[in-house]
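In order, the protein sequences belong to chains A and B. Residues 1 to 731 in the working numbering are what the first sequence lists, from first letter to last. Residues 1 to 313 in the working numbering are what the second sequence lists, from first letter to last.
Mixed in with the good hints, there may be bad ones.
Under 7 angstroms between C-beta atoms, here's a sample of chain A residues computed to sit facing chain B [what the hints assert, rightly or not]:
#1 K308
#2 P311
#3 Q314
#4 L315
#5 L456
#6 V475
It should be emphasised that the hints constitute simulated quantities derived from the structure, not laboratory data. Even glycine gets a Cβ: it sits at the ideal position worked out from N, Cα and C.
This is what each chain is made of:
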Amino acid sequence: MAITTRSLLDVERLTISYEVNKRWIPAVRDFHLRLRPGQIVGLVGESGSGKSTIALALMRYLSGNGRVESGGLLRFAGEDLLRKSDAEMRRLWAKRVKFVPQNAGAALNPSIKIGPQVAEALKAADAIDGDAAYDTMMRVFHDVRLADPERVAERYPHELSGGMQQRVTIAMALISNPELLIMDEPTTGLDVTTEAAILDLVRGLIAERGTGVIYISHNLGVIAQLCERVVVLYAGEIMEEAPVLDLFQAPRHPYTLGLISSVPKPGQSKRAAPLQSIAGNPPALTRLPGGCVFAERCAWAIDICRDKRPPLEQLADKRAVRCHRWEELSQPHPPTPSPRHQMPAIEIAGRGTTKPIRRPAPDAKSATEQAKSPSIAMGGDLEGGWQADETLLRADNLNKAFPVPRSLRELLARTAPSPIRAVDGVDLHLRAGRTLGLVGESGSGKTTLARLIIGLEERSGGKLELLGMDVRNHVRDRSQDVLSKIQMVFQNPQNSLNPYLSVRQAIRRPLIKLRRFSPAEADAEALALLARVNLRPEYADRYPDELSGGEKQRVAIARAFASDPDLIICDEPVSALDVSVQSAVLNLLAALQDEHGSAYLFISHNLSVVGYLADTIAVMYLGQLVEVGEARELFQAPYHPYSEALVSAIPVADPRHSTARILLSDDLPSAQNLPSGCRFHTRCPRKIGEICEREEPPWRPGDRGHLIRCHIPLEELTSLQSGSNPLEKAD
Amino acid sequence: MAEDKPGQAGDFSRVIVALQGMISAQLRHPQSAAGTLAVAFFLLLALFGPQLAPYPKANDQRHDPRVPPTLDIGAFQLGEHPFGTDRLGRDVYSRVILGAGSIFRIAGLGTLISVLAGSALGLFMGYQGGWVDEVLGRVIDALLAIPALLLALVLVGIIRNLQFEAGSWQAALADNVILLVISLLYIPIVARVARSTTLDIKTREFVEAAEIRGESKFYIIFREILPSVAPSLVVEASLRFSYAIFLVASLGFLGFGARPPSPDWGLMVNENRGGFYQLTPWALEFPALAIAILVIAVNLMSDGIRRAVQKGA
Numbered sequence: 001m002a003i004t005t006r007s008l009l010d011v012e013r014l015t016i017s018y019e020v021n022k023r024w025i026p027a028v029r030d031f032h033l034r035l036r037p038g039q040i041v042g043l044v045g046e047s048g049s050g051k052s053t054i055a056l057a058l059m060r061y062l063s064g065n066g067r068v069e070s071g072g073l074l075r076f077a078g079e080d081l082l083r084k085s086d087a088e089m090r091r092l093w094a095k096r097v098k099f100v101p102q103n104a105g106a107a108l109n110p111s112i113k114i115g116p117q118v119a120e121a122l123k124a125a126d127a128i129d130g131d132a133a134y135d136t137m138m139r140v141f142h143d144v145r146l147a148d149p150e151r152v153a154e155r156y157p158h159e160l161s162g163g164m165q166q167r168v169t170i171a172m173a174l175i176s177n178p179e180l181l182i183m184d185e186p187t188t189g190l191d192v193t194t195e196a197a198i199l200d201l202v203r204g205l206i207a208e209r210g211t212g213v214i215y216i217s218h219n220l221g222v223i224a225q226l227c228e229r230v231v232v233l234y235a236g237e238i239m240e241e242a243p244v245l246d247l248f249q250a251p252r253h254p255y256t257l258g259l260i261s262s263v264p265k266p267g268q269s270k271r272a273a274p275l276q277s278i279a280g281n282p283p284a285l286t287r288l289p290g291g292c293v294f295a296e297r298c299a300w301a302i303d304i305c306r307d308k309r310p311p312l313e314q315l316a317d318k319r320a321v322r323c324h325r326w327e328e329l330s331q332p333h334p335p336t337p338s339p340r341h342q343m344p345a346i347e348i349a350g351r352g353t354t355k356p357i358r359r360p361a362p363d364a365k366s367a368t369e370q371a372k373s374p375s376i377a378m379g380g381d382l383e384g385g386w387q388a389d390e391t392l393l394r395a396d397n398l399n400k401a402f403p404v405p406r407s408l409r410e411l412l413a414r415t416a417p418s419p420i421r422a423v424d425g426v427d428l429h430l431r432a433g434r435t436l437g438l439v440g441e442s443g444s445g446k447t448t449l450a451r452l453i454i455g456l457e458e459r460s461g462g463k464l465e466l467l468g469m470d471v472r473n474h475v476r477d478r479s480q481d482v483l484s485k486i487q488m489v490f491q492n493p494q495n496s497l498n499p500y501l502s503v504r505q506a507i508r509r510p511l512i513k514l515r516r517f518s519p520a521e522a523d524a525e526a527l528a529l530l531a532r533v534n535l536r537p538e539y540a541d542r543y544p545d546e547l548s549g550g551e552k553q554r555v556a557i558a559r560a561f562a563s564d565p566d567l568i569i570c571d572e573p574v575s576a577l578d579v580s581v582q583s584a585v586l587n588l589l590a591a592l593q594d595e596h597g598s599a600y601l602f603i604s605h606n607l608s609v610v611g612y613l614a615d616t617i618a619v620m621y622l623g624q625l626v627e628v629g630e631a632r633e634l635f636q637a638p639y640h641p642y643s644e645a646l647v648s649a650i651p652v653a654d655p656r657h658s659t660a661r662i663l664l665s666d667d668l669p670s671a672q673n674l675p676s677g678c679r680f681h682t683r684c685p686r687k688i689g690e691i692c693e694r695e696e697p698p699w700r701p702g703d704r705g706h707l708i709r710c711h712i713p714l715e716e717l718t719s720l721q722s723g724s725n726p727l728e729k730a731d
Numbered sequence: 001m002a003e004d005k006p007g008q009a010g011d012f013s014r015v016i017v018a019l020q021g022m023i024s025a026q027l028r029h030p031q032s033a034a035g036t037l038a039v040a041f042f043l044l045l046a047l048f049g050p051q052l053a054p055y056p057k058a059n060d061q062r063h064d065p066r067v068p069p070t071l072d073i074g075a076f077q078l079g080e081h082p083f084g085t086d087r088l089g090r091d092v093y094s095r096v097i098l099g100a101g102s103i104f105r106i107a108g109l110g111t112l113i114s115v116l117a118g119s120a121l122g123l124f125m126g127y128q129g130g131w132v133d134e135v136l137g138r139v140i141d142a143l144l145a146i147p148a149l150l151l152a153l154v155l156v157g158i159i160r161n162l163q164f165e166a167g168s169w170q171a172a173l174a175d176n177v178i179l180l181v182i183s184l185l186y187i188p189i190v191a192r193v194a195r196s197t198t199l200d201i202k203t204r205e206f207v208e209a210a211e212i213r214g215e216s217k218f219y220i221i222f223r224e225i226l227p228s229v230a231p232s233l234v235v236e237a238s239l240r241f242s243y244a245i246f247l248v249a250s251l252g253f254l255g256f257g258a259r260p261p262s263p264d265w266g267l268m269v270n271e272n273r274g275g276f277y278q279l280t281p282w283a284l285e286f287p288a289l290a291i292a293i294l295v296i297a298v299n300l301m302s303d304g305i306r307r308a309v310q311k312g313a
């Protein structure tokens with residue numbers, strides 16, 4: 001093991017500044033890193049923590065207004081990178097140091113076919129051309145498990161799925177056998193299933209080749225599954241550095257602790273306990289505090305933390321931490337956090353402690369209703385299954401087909417292309433005051449389904465009933481009564497508030513419009529709503545550009561609650577937020593539901609998040625539901641084979657946890673040309689035979705209203721899947 | 001809408017803040033600052049021309065004809081006739097000052113009308129979409145296919161030749177034919193800019209949030225979308241203004257604009273060209289210089305506005 005002692009990358013006292021408005025702002029301060037060949041080091045931090053800046057600086061690829069301050073050390077394989085000329089750096093980039101970007105779609109040149117584009121990288125690295133280059137390329141394509149490499153080489157980037165594009169950029173980076181690979185959130189835009197496949201790939205390839213990898217991510221789960229050491233960054237400084245197991249088992253820094261406990265684990269539910277969250281926002285880099293950068297948000301901050309910047313202390317077991325109080329905090333009985341920061345008190349208004357959870361209990365009346373109401377034509381008895389209370393919203397055979405414009409050839413041949421069937425015969429049942437979680441990969445039709453229900457998209461067929469009333473197709477044809485009963489929280493807080501309207505105006509409007517409040521009443525109620533989403537009254541006069549992402553989302557939630565709706569559709573409401581903010585918003589949503597008794601239709605690609613908030617979960621694949629059941633049922637056998645793959649792909653923020661991942665191919669079949677029989681048969685790892693291709697599977701009822709649409713009987717599924725349960729293994 | 005007064009004050013104060021930012025950004029860039037100052041100077045001339053001109057009557061022929069300019073920049077002296085007099089004995093200096101008023105009135109008003117109408121049209125087309133957008137879009141494309149000056153000449157020619165009852169509204173319209181033509185030419189151009197920005201803004205989620213609380217089209221277009229479209233409209237307006245000035249001057253020069261004896265710069269250039277140029281070159285050069293300086297100044301200013309808006313966006 002001679003190589004283990006040689007270090008590949010040595011970084012010391014690295015400070016990076018950006019010039020903004022003629023002032024140099026230190027975005028990263030005093031950064032250290034050591035990387036051995038074959039080692040994967042994770043950089044984890046929230047947006048603005050300086051992760052990407054470090055990546056660029058390590059490659060000496062900072063933008064024109066950025067610079068590395070003198071006094072730092074940046075040594076790659078014994079050479080001082082800070083002294084290299086641009087031409088020398090270019091030679092390094094061509095062969096020895098490679099970068100995998102977050103957005104592969106934007107990193108690939110759209111006008112060059114994949115083959116020539118990758119070959120160019122090889123030519124730059126080793127001056128290999130022609131047949132030899134082609135063979136090398138095919139070998140690397142094979143290594144990154146690109147299906148059908150010859151055809152991929154002939155395609156343009158836009159013809160590949162996101163996962164395949166990312167495989168191509170990884171192939172492009174690996175083709176020159178680099179010594180150092182920097183990966184900047186390479187799986188962030190991808191589905192969990194694809195992410196899992198790419199992580200496996202990276203892990204395998206690194207083990208083989210001995211490349212040193214710096215892996216940047218905001219996702220603790222990904223870091224836990226992949227990295228050997230982890231560096232936790234906050235506001236441009238290292239908070240803690242440790243081997244991955246130590247970091248997750250015994251975090252020493254309060255920030256790390258906060259981050260780890262604010263991520264919901266798969267199977268964790270709001271009923272058990274609210275999530276931990278970190279109050280407040282990161283400091284602005286232009287106005288850094290004099291003491292510890294985290295002091296303002298830290299539950300254990302004392303006077304010294306605010307006055308004196310803590311040094312990065314090297315601990316015995318190859319760890320480092322930047323905290324004045326780490327020794328006290330790592331005692332068996334750590335000091336209690338300050339009450340101001342005890343999350344449940346401010347963040348979620350006493351939820352789960354004193355107030356009884358208001359969730360209508362099934363009573364005699366609803367039982368008789370259940371008996372009377374007809375079962376849905378889905379093979380199974382949904383009605384009896386979701387043993388619950390009042391039906392709020394009921395969708396029967398909901399359909400949406402987007403027409404595809406005819407091509408010239410089709411016009412001449414007088415044929416019409418088949419439409420894109422985004423939602424294809426979905427039956428849904430929403431109960432008052434409950435949360436239905438909707439999960440599925442991108443392209444499964446979950447957002448279209450939500451837009452059909454809210455009326456932003458016109459349905460092509462099917463029926464929608466709200467409290468027994470027929471709901472009109474388009475939002476413009478709906479009565480005020482219906483409008484006020486269904487509201488929505490959008491995905492992107494950046495765009496969901498009008499930048500030219502103040503918070504007060506944004507919240508007042510639905511009060512005046514839908515609840516007919518007088519201006520004075522609306523003003524008072526707007527302030528009350530702000531208080532309910534834990535924003536101080538002075539926020540009323542702020543504009544969206546003065547708010548952080550989490551604050552914007554709170555305002556959007558207050559706006560959605562303004563009309564006192566019975567149903568709120570949440571389309572990925574936390575996916576654009578940082579981890580520490582995410583949990584606070586989830587807690588808020590749970591608390592508001594208890595207060596108002598509103599139902600949620602909660603859409604997310606993040607199964608842990610859905611599992612945390614939802615009472616029932618529906619899994620969607622290619623426009624159809626494939627599994628419906630209570631939230632905890634989703635995380636244990638039997639599952640639909642598709643759900644099984646989704647659950648197994650969740651990156652769990654626990655390095656001890658390992659699952660036999662069920663890897664799916666990247667390619668979701670086109671919704672324009674749906675597979676026959678069971679739609680999942682093209683990717684299903686548990687396909688039993690021809691029946692899957694020919695016949696649509698039946699709904700099979702399980703316990704407590706659990707329904708699975710599969711040809712395999714549930715007992716058999718259970719026995720096949722027991723032992724592969726990720727949660728059982730985690731414990 | 002009256003119930004929502006405070007709201008209205010709010011979003012427009014926001015627009016004003018944005019405009020203030022633009023102005024201060026202007027001043028940081030020396031070229032656009034110079035342009036803006038020059039435009040401001042001409043605007044003063046336009047507003048207070050009759051007070052500033054030594055001989056404020058447009059057709060004051062009482063002076064000696066063909067007096068050369070008495071302006072002496074070295075000695076910092078204006079003299080009796082700084083820009084000389086023309087062949088009819090009119091003070092060129094006074095006429096150039098008075099001419100600023102007419103060019104600002106026609107070009108400015110024409111720009112204002114075309115920006116107001118064009119943005120309303122573009123916002124509506126962009127938000128509505130569908131066949132309305134399709135049909136209006138084709139009409140606009142057709143209008144834009146015809147060269148602007150040609151269309152202007154044809155329209156002015158036709159309208160000038162129609163006979164109207166004195167005092168009727170048609171006659172009033174014919175008197176302002178240049179204004180009419182500018183508006184007609186620029187409405188489609190502004191509409192296209194407003195439409196394309198609207199297409200972008202209307203996909204934002206705050207517009208959908210307004211739709212799901214049942215807001216009227218009018219409210220969504222003017223309260224939710226307009227503020228975000230306004231910056232690009234301001235840029236377009238400044239650009240249109242510079243083109244309008246040029247168009248007014250061109251029409252005057254071609255004899256299709258203001259009629260003699262009005263002190264229109266383009267007309268003054270036209271009246272003093274050919275053989276008269278040998279006689280009184282200054283009577284052509286000074287109005288021509290005024291046109292050139294104003295057009296360049298407005299262009300520099302609109303450049304600065306565009307830079308400021310793009311930076312803000």
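Hint check, failures only: 1, 2, 3 and 4
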